[in-house]
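Modelling step: build the complete structure from the supplied sequences, incorporating the hints.
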Amino acid sequence: MPAAQPSVFASVAFLKIHDFGRRPVVEQTRLRAQLEAAVAVTLHALAEPSRVVLDAADGVALVVFGDPRGALRIAERALSAGAAGLPLAIGITHGAVRQTGEGAGEGLLGDGIAVAAAIAELAGPQKLLLTREFRAALADAAPGAEAAVAGAGTHTDASLRSHELYRPDAFAARRRARRYAAATVLAALCLVGSGAGYRAAIEGPRAYAGRVAADLKGAAAKAQERALRLLQQTGR
Amino acid sequence: MAKKRKENQIGRYRILGELGRGAMGVVYRAEDPSLDRVVALKTISLANADEDRKSYEKRFLLEAKAAGKLTHPNIVTIFDYGEEEDLAYMAMELLEGADLRTRMRQGEIAPLEAVEIALQVADGLGFAHETGVVHRDIKPGNIMLLERGAVKIMDFGIARMRHADHKTSTGMVLGTPRYMSPEQIAGQPVDQRSDIFSLGTVLYEMLTRTMLFAGDDVNQIAHNLANAEPVPPSRSNPAIPQIVDFITARALKKDPAVRYQDAYEMAADLRDALAEMRGRAPAPRNGDAEATHTMKLEPGAHKPPLAPAASAIARDTRLPLSRLFDSEAALERLAVPKHSARLARAPRQVGLLRRILRDRPVRRLCAVALVAALLGSWIAIG
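The listed protein sequences correspond, in order, to chains A and B. The first sequence runs 1 to 236 under my numbering. The second sequence runs 1 to 382 under my numbering.
No lab work stands behind these hints, which were simulated from the structure alone. Mixed in with the good hints there might be a few duds.
[Said to hold, decoys possible] Taking lysine to any residue and the SDA-like style, the derived pairs with C-alpha atoms no more than 25 Å apart in a straight line are:
| no. | chain 1 | residue 1 | chain 2 | residue 2 |
| --- | --- | --- | --- | --- |
| 1 | B | Lys254 | A | Pro24 |
| 2 | B | Lys254 | A | Leu160 |
| 3 | B | Lys338 | A | Leu160 |
| 4 | B | Lys338 | A | Ala142 |
| 5 | B | Lys253 | A | Arg22 |
| 6 | B | Lys69 | B | Ser45 |
| 7 | A | Lys217 | B | Lys254 |
| 8 | B | Lys254 | A | Ser159 |
Pasting the structure below:
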C-alpha cells in the first residue's frame, strides 16, 4: 500500500464505553465483549465497502463513507443496545480521515477521528452527540434529514476546541413537517386572498362580493343541473 | 576504612565471593558464622554522600528496617542490617536463579509465564504496600526468578536512595526512569500506585519485548511517559487475551486515581487472566504470528498501531483497524482513485433549488404556493 493515501471525508461515530478506565478489568472485559456484539449486530445495516471499524482502548470508532444517515442509524441502534446494560457515549462527526500504516499497523488517522473521540468524551452515558459538520453532511446527503437533530449547545473539549453540538430528536422532523404544513396553508390562503383582494379593490368590495356571490350561485345551479341529469341517466 | 575492617569481612559476615557489582555498591556471597548460613550481602558505599550523609544513612536505615519487616514468599528476606565505616550493608537470603532482565535477554517469555511472574510480583507488592513499604524501583533487574517458577522482589529500601541520586541527574541515560511512574519521574510524592505502574511496564515488556517508555535521556522518557499511549500487547501477539490488555492498560494509567489502587486488586485480575489463559488452548504459532512479532522488534520498522482511549486521541488521531471486523472491502474501495476522489469532497451547503427538489416539506410548500399563486393571479386578472 502506498505510504501517502489521499484523505477523504467520512462520518465517524465513536462508540465509547462510559467511564471504561475506572471499571474493574472483569467488567471491562464483559463490556468490551458486549460492545463488540452490539457492533456486530448493527453493522449488518451497512454495506461492507462503506464502513471501517477501528479499535480504541475504550470503545470502537465506526468510519462510514458516503452515508451519513447510515452512520447515524448505526449509532442510534448501538445506543439502544445500552438498554442491555452497555453504557455507551457516542460522538459523531464528519471529517477528514486518511489510511495509514500497513500490516498490523494498518488503520486510519485524521481530524474526524479526533473530533468524534472528543465529542464522545463530552457525551454522557446513553447520550449521542453530533457536530455541526455532521449535520451539514446529513443535509448534503439528504436535504431535510438534518431536521431530525436539535441543537445541544456549544461545548469546549479537553483540547479547548469548541464544538457546536446537536442531538437526535425523534420529534424534531415531525415538528418541522407540521410547521411547513401550516406555512403551506398560510401561503396558499395569502396568495389566493391577495388575488381576491386585488380584484375587490378594482371593482369595489360590494360589486365584487355581489359578482362572486352571483358566480357562485350560477356555479351551484349548474352543478345542481348536472347532478340531476346524471341521476336521470343513471335511473334509465 | 580498610584499616579498621578485617579483610574479607564486613560486620560479622565473612565474604566468600562477589555476586555482582552495580552503580551503588557490590553484592557479595557471604557467610554468617553465627548461624552458619550463606547469605547475599549487599553493600552500598556512603563515601560519596558527605553533604547529607546523616539523612542518607537515616533513610537507608529506615528503609532497611521497613524491608526487614517483610516476610513473604515473593519478597527476598532481609536478615540483618549494619554499617561499618563508609559502608552500609544488608544481609539477605541468597537466591539461586536469574533476574528477570537476564531472562528477558535470553529469549521470549510466553504470555502465560509473563502473567504468572507479574502475579507473583503483584502479590509481593500487595504485602509490602500493606506493611507500608513502597518499593519505588520495580524493574526486571529487581525481580528474581527462582527454580520451579517462584519469583521474588529484591532491593526494597535501596530504591529510595537511588531516587535521591536520580534527582541530581541532569538528563543522563539512566536505566530506572524507564520503569518509573509519571508522578515519580516528575519528582512528586509517590505511593503504592507508582509501584503498580512500574509493574505494568515490566509486564508490558515481558509480553511485547519492547521498552514502553524508552528514551535517550530522562527528559525524553518523561515526555514519553506523559504522552505515549501504550499499544495493547495483544496487537503484537494475538495469543494474549484481551483481559491482559485491560490489565496493562489499567496499571499504566497516567493518572494514579484511575490506576489500580492496590496491588492485590491487580493480582486478582492477573489471576483471572491466568485462569482464562490456562483454560484455553494455546494459540497456533503460525508464520503470520511470528512475522508480526518479528516486525515489532525490528528497529526502524513501522510503528505499531495505537489504540488510545478517547481522551488521548486528540493528541494522536491514529486508530488501528479492528481485528474482529473485516474492513478490507472499504479500504479497497478507498484505494480506487475514482471513489476516493468522490469521497474527498467536503459536504456542500444545500442550495435553494436542491432544497426545493429534494426536501419534501419544502417541495410541498413550493408546489402549493405555486398553485395558489396561479389561482390568485387568475382571480386578480378576473
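Verification of the supplied hints:
1. For the hint pairing Lys254 of chain B with Pro24 of chain A, the CA-to-CA distance comes to about 17 Å; that is within 25 Å, so the pair holds.
2. Annotation: proposed proximity of Lys254 of chain B to Leu160 of chain A holds, straight-line Cα distance about 20 Å (limit 25 Å).
3. A distance of roughly 37 Å separates the Cα atoms of Lys338 of chain B and Leu160 of chain A; the hinted pair therefore is violated under the 25 Å criterion.
4. Distance hint between Lys338 of chain B and Ala142 of chain A is fulfilled; the C-alpha atoms sit about 22 Å from each other, no more than 25 Å.
5. Proximity of Lys253 of chain B to Arg22 of chain A is assessed by CA-CA distance (about 10 Å); at most 25 Å being required, the pair is judged to hold.
6. Between Lys69 of chain B and Ser45 of chain B the CA atoms are separated by roughly 23 Å; this keeps the pair inside 25 Å, and the hint holds.
7. Our distance criterion of 25 Å between C-alpha atoms is broken by Lys217 of chain A and Lys254 of chain B, whose separation comes to about 87 Å.
8. For the suggested pair Lys254 of chain B and Ser159 of chain A, the alpha carbons sit about 17 Å apart, so the restraint of at most 25 Å is met.
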